[in-house]
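Could you use the hints to bring the two separately framed chains together as a complex?
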Amino acid sequence: MSEPKKTGVYLCRCGGNISDAVDLQSVADSLKGENVVVNIQDYLCSSAGQDKIKSDIEKGKIDRVVIGSCSPKLHLETFRGMVKEAGVNPNLLEITNIREQASWVHDKDGKDSVNSKVKGLIKGAVARMDSIEPLVPLEKKLVDRTLVVGGGIAGITTSLEIADEHEVILIEKQPYLGGHMIGLSKTFPTLDCSQCILTPKMVAVHNHPGIIMHTQTEVADVSGSPGDYSITLKHSPRYVDIEKCISCGACTRKCPTGAIFLPFAQAVPQAYMIDMSKCDHCGACVKICPRDAVNLEAKEETSTISVGAVAIATGFEPIDPSFIEEYNYPSPNILTAVEFEDMLSAKSKTGMRLQKADGTFPDRVAFVLCAGSRDFTGKGRKHCSKVCCIYSQKQAQLVKKMKGDAEAWIFYIDMRSAGRRFEEFYHHTQEKGVNYVRGKVAEIIPKQDGTLTVQYEDTNLGRKGREIFDMVVLCPALIPSSGTKELADKLGVQLGDDGFIEEKHVKLDPVNTLNQAAFAAGCVLGPKDIHDSVTEGISAAHKVSQFLGKGMILIPPEKPMILECNGCGDCVKACPYNALALEGRKAVLSLLACTGCGICVPACPIKGIEIRNFTRNQLKAQLKAMLAEAPGVVVFIDPYAYAAADIAGVNRKQYSSLVRFVSLPSIHILDADVVNAAFEYGATGVMLIEGTTDEKLTLSSDELYKRLKKDTRKHKKPLRYSHIETAQYEKLTDLLNVFASQAGAKAEKRSRKEKEEGTQEGIAEAT
Amino acid sequence: MQKENIVPESRDNAFRDLIIKTPGGRNIPTCMQCGICAGSCPVNHEMDYTPRELVRMIQLGLKKEVLSSNTIWICTTCFSCSVRCPRGIYPTELMETLKPIAMSEGIRNRNAKFDNVFADVIKKNGRASEFLLISKYSISEPGMIKQAPFGLALFSKGKLPLSIDKMEDVRELDAIFKLGEKSVDKEAKESTVAKESKETAPERSPKENEGQEAEK
Numbered sequence: 001m002s003e004p005k006k007t008g009v010y011l012c013r014c015g016g017n018i019s020d021a022v023d024l025q026s027v028a029d030s031l032k033g034e035n036v037v038v039n040i041q042d043y044l045c046s047s048a049g050q051d052k053i054k055s056d057i058e059k060g061k062i063d064r065v066v067i068g069s070c071s072p073k074l075h076l077e078t079f080r081g082m083v084k085e086a087g088v089n090p091n092l093l094e095i096t097n098i099r100e101q102a103s104w105v106h107d108k109d110g111k112d113s114v115n116s117k118v119k120g121l122i123k124g125a126v127a128r129m130d131s132i133e134p135l136v137p138l139e140k141k142l143v144d145r146t147l148v149v150g151g152g153i154a155g156i157t158t159s160l161e162i163a164d165e166h167e168v169i170l171i172e173k174q175p176y177l178g179g180h181m182i183g184l185s186k187t188f189p190t191l192d193c194s195q196c197i198l199t200p201k202m203v204a205v206h207n208h209p210g211i212i213m214h215t216q217t218e219v220a221d222v223s224g225s226p227g228d229y230s231i232t233l234k235h236s237p238r239y240v241d242i243e244k245c246i247s248c249g250a251c252t253r254k255c256p257t258g259a260i261f262l263p264f265a266q267a268v269p270q271a272y273m274i275d276m277s278k279c280d281h282c283g284a285c286v287k288i289c290p291r292d293a294v295n296l297e298a299k300e301e302t303s304t305i306s307v308g309a310v311a312i313a314t315g316f317e318p319i320d321p322s323f324i325e326e327y328n329y330p331s332p333n334i335l336t337a338v339e340f341e342d343m344l345s346a347k348s349k350t351g352m353r354l355q356k357a358d359g360t361f362p363d364r365v366a367f368v369l370c371a372g373s374r375d376f377t378g379k380g381r382k383h384c385s386k387v388c389c390i391y392s393q394k395q396a397q398l399v400k401k402m403k404g405d406a407e408a409w410i411f412y413i414d415m416r417s418a419g420r421r422f423e424e425f426y427h428h429t430q431e432k433g434v435n436y437v438r439g440k441v442a443e444i445i446p447k448q449d450g451t452l453t454v455q456y457e458d459t460n461l462g463r464k465g466r467e468i469f470d471m472v473v474l475c476p477a478l479i480p481s482s483g484t485k486e487l488a489d490k491l492g493v494q495l496g497d498d499g500f501i502e503e504k505h506v507k508l509d510p511v512n513t514l515n516q517a518a519f520a521a522g523c524v525l526g527p528k529d530i531h532d533s534v535t536e537g538i539s540a541a542h543k544v545s546q547f548l549g550k551g552m553i554l555i556p557p558e559k560p561m562i563l564e565c566n567g568c569g570d571c572v573k574a575c576p577y578n579a580l581a582l583e584g585r586k587a588v589l590s591l592l593a594c595t596g597c598g599i600c601v602p603a604c605p606i607k608g609i610e611i612r613n614f615t616r617n618q619l620k621a622q623l624k625a626m627l628a629e630a631p632g633v634v635v636f637i638d639p640y641a642y643a644a645a646d647i648a649g650v651n652r653k654q655y656s657s658l659v660r661f662v663s664l665p666s667i668h669i670l671d672a673d674v675v676n677a678a679f680e681y682g683a684t685g686v687m688l689i690e691g692t693t694d695e696k697l698t699l700s701s702d703e704l705y706k707r708l709k710k711d712t713r714k715h716k717k718p719l720r721y722s723h724i725e726t727a728q729y730e731k732l733t734d735l736l737n738v739f740a741s742q743a744g745a746k747a748e749k750r751s752r753k754e755k756e757e758g759t760q761e762g763i764a765e766a767t
Numbered sequence: 001m002q003k004e005n006i007v008p009e010s011r012d013n014a015f016r017d018l019i020i021k022t023p024g025g026r027n028i029p030t031c032m033q034c035g036i037c038a039g040s041c042p043v044n045h046e047m048d049y050t051p052r053e054l055v056r057m058i059q060l061g062l063k064k065e066v067l068s069s070n071t072i073w074i075c076t077t078c079f080s081c082s083v084r085c086p087r088g089i090y091p092t093e094l095m096e097t098l099k100p101i102a103m104s105e106g107i108r109n110r111n112a113k114f115d116n117v118f119a120d121v122i123k124k125n126g127r128a129s130e131f132l133l134i135s136k137y138s139i140s141e142p143g144m145i146k147q148a149p150f151g152l153a154l155f156s157k158g159k160l161p162l163s164i165d166k167m168e169d170v171r172e173l174d175a176i177f178k179l180g181e182k183s184v185d186k187e188a189k190e191s192t193v194a195k196e197s198k199e200t201a202p203e204r205s206p207k208e209n210e211g212q213e214a215e216k
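Those sequence lines, one after another, are chains S and B. My numbering puts the first residue of the first sequence at 1, with every later residue one more than the last. My numbering puts the first residue of the second sequence at 1, with every later residue one more than the last.
Same shape as in the complex, but just chain B (with noise of 0.2 angstroms):
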């Protein structure tokens, strides 16, 4: 991994800000970067930034390497940072937060597959289906193959239901996720806009802002 300096330029404040005024994020100034986190993270071997790193990097506000970072997708939501975290800080919660904004921002990570594929079946039959899940991520994820000794010894056991559960009608459950999009994007147009007034975007390639400008 190459390692960019932190410069003026790499260093996004209203970005920092934005996530310090979620609830996962609220505590983030606060942290000491004692490591108990990263320390008590089953999966960190895994990410590309261990939590602490991630949240001192939301203290700097570089966001570009926050939102691109594995971390976020990687956490299995075990909450073990959460609860020992000795300045109440919630990793698990920033996340959560994290993921939407890094998916709004057209940034894709390999990681996220198995999010996007849950959300697929739960908004198709909403419920989740462990065969349908598994069988559609290992599609996505040739690595899985090595995992299917394992699946077949959970089959063979019965533990693995081929049946799909369904909701009696999935249409009531689309118009609840129609009413999210909806807040979401307006949300994201708030805040672009709220940002382009600022001019805090540096990042952005000025395709994209005329892109922009153009629809407004």
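The following block holds chain S by itself, in its conformation from the complex (with noise of 0.2 angstroms):
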């Protein structure tokens, strides 16, 4: 009934990306004897490329196939799709990827021990595509809701461009929305206020029919799956009802401590609050509000909410430069950039009035450039915050505007104005005759006048310079608002080592994250300008009415399959999703909560369940045709890890080319069977790698290691556990490398002791 099966294999040369560092050739013609059609091309995701597979399936060549290419996270859905078109289901196409996990990253080892590993993997791959099954993905119905987190001018860009199709709701940290534009002055490069191009916005926001707003208000918690969560809010008091206050002033006017205020003429939403910390709770405020508006009493409360999708536009911060020593920051008349902004924006409080602290007008002001970004000593940030450069030339603009005789110095190591407009204005600066000194300040020195000594080199002339202003602004490193892991870990959404949100891809997918239904936009991917925030917001937006728009989800569909049951009940206690129950003394799975985590696999005791296309038998058979090639050090490996060795290998981060990685939808799925059997087949050693910020499974990684280690110790060979965050991908190269030369060691030992054994064994049969 069922036709033999036959495999294509299909190797990409990437342009020689991969063939400058792997003879494919030799690849190909290691697979001969093996029931595959082997194929090389230039590029396989061209048209070109692509066409020859689809013709090759059409043709009745193959109905399997296995790419050997870039990593899956570029091109397996392209490939799937064209498959489906040819008549293949989608999940008998796999990528086995040969260019960040092999000619990326073993620069360092001779070019015949990579061609072994690409062998070794390819012929695992064929031997895996030989036993897995076609599967359907399964579908889920969408939430037709969003959660967009953050109202600054991305999020209210998001919220604003999803509202009309989909239903918004907006948290917001702060009592107010407009984030940190609603606390800037002027704009660059059109110095136009910023309150009047934010507020119609805001209002819009307030006003919408299709947004629920909250301010004051956190993501506490999420569960739930992509498509379907159900988050936690937690809203912090604000001590007067909204709705109910009509602004006019009257609790302000009776206030004896100044507590009860309203935080700016132009805030949205238009209501007082109250700062506990000054309050005496004297409830004059109470009896004098004519709407009943204030509640003392008021406490913290929580909700919850139903979405299908989150919009992540937390933003940025200013890093504190306080760990500046030489720049002695905070003392009187030495501020950051933002400090700066805030006393000429909204928010003011010195009746947008710029004056040093004992209330003047600074006459000599000094901007300091890459105050603790461009650092790579690990004091400060790596990256160039990106916005310093214009923002500091419009700060001195404005002093120059407030006081013709007042001086501006800007102190820069490089002056980046690329965008559009930003070299003319910066030109324009010029003109204006602020004085630029190339050289980073080394020292700020405050003197007891108030005045501050600035010493530096410049840069341009070797020679050293001192100066004494009556203020300096720091401009510091913008870094990722505080709470932005915390946010991301319970979405499952992956961050750069810089602390930013980590792109699906780069380049080409830039709002979109590793989760399919989280999405970013604004500073939270990097420091950037109002221009590219808005754009951001506009993209995010799109991409989530695209996504809620198909009203379905697809799953995956590798799930468990219960094949056996003896109605004990194990597999019922270890799911930490509440997926599966027990029904008429069998254990019934609910294919919507599960996960496919595989955590049932191991805990069932007559090893009855298995997941679909990673079962023993065919990650055995995967190990077995890969390893027979030649040994290697095993290396079980999540999404989310399999993630940083992606990363790694785009920085070219070299490690051992015995590194053979196994992906698995979770390391949790992996009982001793499997282990055993790597080991059986020639591995040296074996690594457990997870990325996953999920507690339910991390809690139990321990255990299964320990476990998986007391069962294979028979093989005397090495066993490791990791946790890798997408971010840590210098960790995991210095791990991997780290463990390839022990179990390497380990290995060579081994193998001597045995040869000894057998001469000497020798001499003993000789003699």
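In case anyone wonders, no lab produced these hints; they're calculated from the structure. One or more of the hints may lead you astray.
So the derived list for chain S, only partly shown, Cβ under 10 angstroms to chain B, looks like this [unchecked claim]:
1) 165
2) 373
3) 414
4) 439
Note that beta-carbon positions come from the ideal geometry of N, C-alpha and C, so glycine has one too.
Shown next as structure tokens:
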């Protein structure tokens, strides 16, 4: 009935990216004798490459495909779409990553070693392909609602752009909308006022029937799965009912301690609030309020919402420059650029006047760029904060505008004015008579009289200089706002090593994340200006609409199958997602609740559960073929840590070519059966690497490791476990190198010992 | 100071690569010329090149100018530059790396005097003696006469003891120095041999070359 399966192996030269390091012809030759068709292309992802695979399928030459190319992250969906058109089940196409995880990362090892690694990986993939079954993805209905986290310009734009088509819940940590932008004075390069362009947008959010807005609100907990999240929100008390308050100001006139206030005149929502650290509970405001809006007993509340998608727009915060000892921040008249902006913005507490600590206007102002950025020593941040070069020039212009004979000095390392209209802005600022000094400020010394001595080298002249200023403005590194990591972990979204959210693809998928239901916009993706934040807000809204518009979400079909059950209930207890239940003394699986983690597989005492296409036998077949080519270190890796290995590849972080990754939906699917098999087939060591931040899984990782260690002890070969988040790709490669050399040394020692024993036996026999 | 144009002949890549391999030179290729080192330097005005310029010259391999610069001898090893450098360059260590190279290349610098006197005192006594140090240095550096009143003031307050502290057995120290010299000689020989074979020593006069070849 079933025709013999025939696999096509397609190898991609990637225009030299792969073929320069790997002899693909020898890889193809090594497959002779196997029941496969092999083909090598310059660019498999091109239409010519895809057409070749398609025509081979249509001619009936092959009905399964193994591709050796770049990471599946890039083109898996493209290739699977193509084979689906040609009539092959998409699951019967898999990609072996021979670029990010082979040709780019083994420069130091000889070509032979890399070749044999690739041969092994491809042979493993072919063996796996022979054993897996066609699967159809499951469909789940989406919740047609989006949570936008962050009410700055990026979040506001995202919300407004989505809200005409899909419901939006917008939450903001602060008591008002507008984020950092509402705290800006004028905006470069046009010098239009920030609140003039932002206020209409904030009002539009407030009035839009499709947007529910919560201020002083944060995400407390996330449960559910992409497309169907149940999110718990935490609302801090404002003590004033936003709906009832008409901002008449009667309360603030009665308050003896100044505890009740309107954040600023244009604040949205327009409602007073109480700073409880100042309040003495006299109750004057409660009595005077004509609308009964004040409630001094208000408590923190929580609420639960159901959403299909989440857009993260939590923005940035300035780094606290007090760690730069030589800058003596904080001191009177040394401020950050954010504090400078605040003074001249809608939020101003000085009546929008620029003033020193003593209330007078600063006649000499210095702007110190790169305070904490471009620092590779670990004290500051590596990245360039991008906007400082331009905004500091704007601030310098403002100083000159407020007082014509005031002096403004800008201390810069490189004046980066890339961007439309920015070089012209730089030129214009020069024309205004601002002093530019090329050199990083070495020291800022506060003096008794409130002035500040700034010491620097004018690097254009090679001479040291010293100037006295009334005010020094530090342009601090812009970093992800506090809480970004916690939120990202809750949503299963990856961060880069700079702490900003990792895009699905750096260039081609800039507002998607590796979680298909989570999107990002604005400075949470890296420092940027208003224009770029708005662009990303619009992009993210489009991606959200596209995602929700499908109405359905496809769930990977690699789920557990219950082959045999004695009704013991161990798997039900093991499942952290309540996806298994006992019905009539048999375990039953709820497909939609199941995440496919596979923790039930080793939990079953009679080995009655297997994950589709990751069964014990399928994994063993892959390992056997892979290790038959050459022994190596087997690294079982989950998708999050796999992404770290991809980033290591993109950054060309080198590691041992003995490393063989075996990709799993989660390492919790493993039991001693599979690990023992790996050792038997010739693995010199086995590593388990997971990157998931889901505590439901990681809490049992230690137990898993100990159990496997115990059950594989007879092989006396090294077994390691490690937790590597996507950002920690450098830690990953260090670990792989150390482990590979340890495993290698151990294997060598063993073989030497065996040889000695062998010769001794030989001698014994001879005598 | 006469400034020479930078041309391929003035650049010595082998020198650059040698310095980059030392602990003090490891991050030199990443210098972005921000100048915080020079801005922090308390003796920058005495130097013919600021630490930043020195690093730039190493990036270019301007061996002759780097090694003849007084910068490496003026540095007081206060470490301000090393602490503040955002790229993890340690100019202080770099100076200590360059000093012995300059000496082994036979490049003399009048600012090296203090280092020489200090080394002599240590070699002889095993301990630093402020009195010996200052008197020996004053003899070789006539400008020090201006400091005499200050020295006298220190002396009168008992802050410049005349007693010379000595190690119990200086011969032990001699052995250490001899071992050190041996290994330096060996390294120097190896590096010159390596250089000769690569033919990357353009500034050496033909006479010197003859001498070395004769040695071989």
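Do the hints match the structure? See the list:
| no. | hint | verdict |
| --- | --- | --- |
| 1 | 165 | violated (47 angstroms) |
| 2 | 373 | holds (8 angstroms) |
| 3 | 414 | holds (7 angstroms) |
| 4 | 439 | holds (4 angstroms) |
The structure is inconsistent with hint 1 alone, although it conforms to all the rest.
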